[in-house]
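J.: As they're listed, the protein sequences go chains A and B.
Taken in order, the first sequence gives residues 1 to 109; the numbers are from my numbering.
Taken in order, the second sequence gives residues 1001 to 1118; the numbers are from my numbering.
It should be emphasised that the hints constitute simulated quantities derived from the structure, not laboratory data.
Where a beta carbon is used, it is the ideal one built from N, C-alpha and C, also for glycine.
Mixed in with the good hints, there may be bad ones.
Claimed, not checked - Here are some of the chain A residues that sit facing chain B, going by a computed Cβ distance under 10 Å: (1) 21; (2) 98; (3) 101.
Claimed, not checked - Taking lysine to any residue and the SDA-like style, the derived pairs with C-alpha atoms no more than 25 Å apart in a straight line are: (4) A:3 with B:1106; (5) B:1041 with A:79; (6) A:69 with A:95; (7) A:3 with B:1061; (8) A:69 with A:14; (9) B:1055 with B:1040; (10) B:1064 with B:1027; (11) A:3 with A:26; (12) B:1055 with A:72; (13) A:3 with B:1032; (14) B:1041 with A:30; (15) A:3 with A:79; (16) B:1055 with B:1041; (17) B:1041 with A:55; (18) A:3 with B:1038; (19) B:1041 with A:93.
As a plain string of letters, each chain reads:
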Amino acid sequence: DAKTTQPPSMDCAEGRAANLPCNHSTISGNEYVYWYRQIHSQGPQYIIHGLKNNETNEMASLIITEDRKSSTLILPHATLRDTAVYYCIVRAYGQNFVFGPGTRLSVLP
Amino acid sequence: GAVVSQHPSWVICKSGTSVKIECRSLDFQATTMFWYRQFPKQSLMLMATSNEGSKATYEQGVEKDKFLINHASLTLSTLTVTSAHPEDSSFYICSASGEGGTGAYEQYFGPGTRLTVT
């Protein structure tokens, strides 16, 4: 079973920031938080991952709370092409990825 | 980033026939490859894990004699669906991993193969 809880769906206006929450209250000290997304009929695309510090790359920012029990993926300026299912996964080195149902993000014009 | 390809991207086959799907890591050596299945409006479900040169490890409920996995090299794994039936119609996705620079054991996903069994 997935170790994370995400809202099933969210809407975001084009050009605005999309903030996708994820709860992982049972995360272990050696588990990373990963975010992937899946655009319709494609394979999952890696977005970002982190252990305890906030992370930023060209796609998104990852904010992890100090107790590591939750995190937020931020897409700073959402575009229509960001419409996808976003998966938050916690995983330790060498463990398999377990996908939950994710959050279906709809970016609206 | 690392690239994983799959071939074919889609395939239609008749019930009772077998179909082979290839998964290749294009620019890195994949010590481990994974096969997932995804039914419409559902999430990805891991079917099996394979290490190069070893037998695959199948998840509970996945028939190893029906879904044959071969991982003969560090860049190629194949999934053969034997005696396919309409209920095997699904989106099959592979992923591959090798040692990542961060040590976090990255996993890279292929674009998927849509199988339709008629």
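J.: Hint compliance check: list the failing hint numbers for this structure, sorted ascending.
T.: 1, 8, 9, 10, 12, 14, 15, 16, 17, 19
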